[in-house]
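> So the chains spell out like this:
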Amino acid sequence: MLDRLSLLKTILWALVGVLAAVSVVRFAFGLGAVTNLSDAAPWGLWVALDVMAGVALAAGGFVVAAAVYVFHLEQYRPFVRAAILTALLGYAAVAAGLLYDLGLPWHIWHPMIYWQHHSVLFEVALCVMFYLTVLALEFAPAVLEHPCFARPAFQTIARGLRQATLPLVVAGIVLSTLHQSSLGSLFLITPYRLHALWYSPILYVLFFVSAVALGLATLIAESLLSSFFYRHKAPLRLLSGLGLGAAVVLALYALLRLGDLAWRGQLGACFDGSWLSRMFLFEMALSTLIPMALLCVPRVRSSLAGLALCAGLIVAGMVLYRVDVCLVAFARPEGSGYFPTWMEIAVSLGLLAACVLVFLFLVERLRVYDDPHVRGAPQPSYDPATLHNLLPDELAAPRRYSLAALLGGCLAVVFLPLGAPQPVATAALPARAAAGIAENRQGEPGQTLAFAVPDRPLPADAQPASLLVIDGNRDGQMVLFNHGAHIGRMGRHESCALCHHLSLPLDRNTSCFECHRDVYGPTPLFRHESHVKALGGNAGCRQCHADDSLPKTYETSTACDQCHRLQVASAALVPAPAARWHPAPGYVDAMHGLCVNCHEKSAREAPEHYSPLLSRCDHCHDPDRAEQRQPLAPSRP
Amino acid sequence: MIDLQTWIDWAGGPLFRAALAFMLLGLARRAALNAWEIVRAWRRAGDKQLPWRAVLRATLRWLFPLGQVGNRALFSATTLLFHAAVILVPLFLAGHVALWQPWLGIAWPVMPSALATALTVAAVVAALGLVIQRAASRATRALSRLEDYALPIVVGLPFLTGLLVMHPGWNPFSYQWTMLAHVLSADLLLVLFPLTKLSHMVLLPATQLVSELAWHFPPDAGSRVAAALRKEGEPI
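Protein chains in written order, with my numbering: chain A, 1 to 637; chain B, 1001 to 1236.
Please keep in mind that the hints were generated in silico from the structure rather than gathered at the bench. Every value quoted in this text rests on a predicted model; they were computed, and no experiment measured them. Each residue gets a CB set at the ideal place from its N, CA and C atoms; glycine is no exception. Careful: at least some of the hints might be erroneous.
Claimed, not checked - Chain A stretches covered by chain B per the calculated footprint, using a threshold of three residues with CB under 8 angstroms from any CB of chain B:
1) 415-428
2) 527-536
Said to hold, decoys possible - Anything over 12 angstroms on all C-beta distances counts as not near chain A; from chain B, calculated:
3) 1013
4) 1042
5) 1050
6) 1057
7) 1114
8) 1131
9) 1166
10) 1176
11) 1195
12) 1207
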């Protein structure tokens, strides 16, 4: 049976495996392959969870450091190292999360060189970089205690770092204060985008105060979880002290947040019944009101279950606050709703899992908590009856965790897209007939086409014409095509096949749209399954795959025109399809191939009949004309 | 209702990629763990003098089983035929190379179709032969687990279905169902490689070394066994 620690690590390794697989696709094929992010929703789960919430979750580091080193609350010293380590890993995860979120991750160093001192984000970037460095230096003495670093040179460095503790702590507090609040300041430029219940001119104060509460709650949760997984006693008295501190900070936060709403006259919006107002009430209750009330009761505060419940509520609620500000309460252009893909969620979970694994790794090897969790080397023992070795298998752990990571990663591969996202197929509209007029205007090449307006007399020099309206990509910029005049010009009804290359049996004017179904993408025409049915199942295979010994590929199969002799018009202007039919080109390519070639040829070879302007794009695509005629266009189906 | 071709494409596309990744990374994992254990055993060994030359010779000898025909000639021949077929046909069948080509961008020589058919039939027959011969002898019956009977069958499945896919005229079942069975059984086989004794394809070169190392005990092994048996100080 797995003990709870091994079970936890197995699950975490599986998540890391999924992360590894998703990372390959993310960095090989870009953001579009794995996220639902778009130009309208450029900030998604990774910013909300990994950056916004990640920074706030790591706030315990500077809070405890300030309590111990500045306010001399010496009883909390046992938490200092765990808090610093949590902060270090949290900020490392923020940096890693940013690498996933940045379109050009290799530009992450740019803020160091290219200073944009009007940007709040620039300040956040610099602060996070500096603070990550400060945290690494603060935690370094714990690493240098390990026997690996017994050499005097390392010990000199460790002594130097220990002497620099106080300046480092002060730098950490200053940097944290700056960027914890700045993450809120980021949203000050979006007063009309962020819902009134979340937007506030003191957003930066709210972010800072809530980060302090969240940091304390994270420390409590972490200490309780560590005592649960390592089966040692939790320091309840100290934790309840932290809990009381969290309650005080929560009270301040509630006062500020609700007071600000009341001051700005928005308090009524909490109860207007919209779902965002309910979200606000839910978030406030979860993050602040319920845990604050519970933590004020001494019996709850000093019980394991009570502390665990309150810490859990605060962590969930304050993370929700970040997600709300960043995603939920943030208005986007209509129709650009955002919900993360499973891969975005997998990356966030995977980074968290990786952090926890590193945390456990360091806790087991360094003196992070005061009572070391290092379990002594096992004594040799044999079962005297069977002589079986009772030593725990030293490789059991690597064996189990590597298998978990491998299974997680390969399971993810099944569902991962392999390649950049394909453009969404846009179905073409079939061309439709409309009554029109053709006008010979002075100074214009050829005829000018227009829709006929009922009950309006024809202008002089204008004749009625049967038009085709071609609006393949459905943008209203239609091309008007004088079908009647083309019939006359090309040689009456014998000439149909010049344009209509038949592909349906015995059909003489199959609509272009039947085969060229997508505006831009090709349409596959060959349907294997219907041929299998028509030719009588397995017995019919040999009609197309004559030679069993060859692989059954496109090239080795019987050509289409061996059976479908009458289906391709040999006189078509567009080159007749090859004997082996390819997918039909997209609507645009097919139309252009049909019209442009003939127009160019006519303008070149018969200049006495046609103006050179005939081969220009705007002869058919006339934006002015299309706009002018737009009101006359029949309503689109 | 998704049509069958979509399932075939899925089993031969994303599922196959995952199974292939699992096989390759899983075998690498087995090899790495094996190497780790070898290094660990060697570092603990009291007697670090390994007969390298003998180990190498034994390894090479067992890599070419023809020299080992000995008293079970039929079994050895079946094994050899089976291995030749299951290694060569999947890699050099023209239809498989045609599938790899657009993905990898390279093609390699293919085997003649008649040879492929013959080897595929051989693989199926040899798989059955292996099971029957294993069950027929009391000695091998005593050594065998369920896995040992099941694996030749599982390995034979993609070959049997592949034969039917290649020759639709011989196939009494629907072509697409046969193809789906072929692709799925191949995926299953790939997944089983690192999890079962099929991983001998990467572990085999080290088996002789492992057997040799097993006799190089830690220096204090004897006294520790005596202590565990509570027989310290007693004459051996």
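> Hint by hint, note whether the structure agrees.
Verification of the supplied hints:
| no. | hint | in the structure |
| --- | --- | --- |
| 1 | 415-428 | holds (count 3) |
| 2 | 527-536 | holds (count 3) |
| 3 | 1013 | violated, 8 angstroms |
| 4 | 1042 | holds, 15 angstroms |
| 5 | 1050 | holds, 21 angstroms |
| 6 | 1057 | holds, 29 angstroms |
| 7 | 1114 | violated, 7 angstroms |
| 8 | 1131 | holds, 28 angstroms |
| 9 | 1166 | violated, 7 angstroms |
| 10 | 1176 | violated, 8 angstroms |
| 11 | 1195 | violated, 9 angstroms |
| 12 | 1207 | holds, 18 angstroms |
In summary, the numbered hints that this structure violates are 3, 7, 9, 10 and 11.
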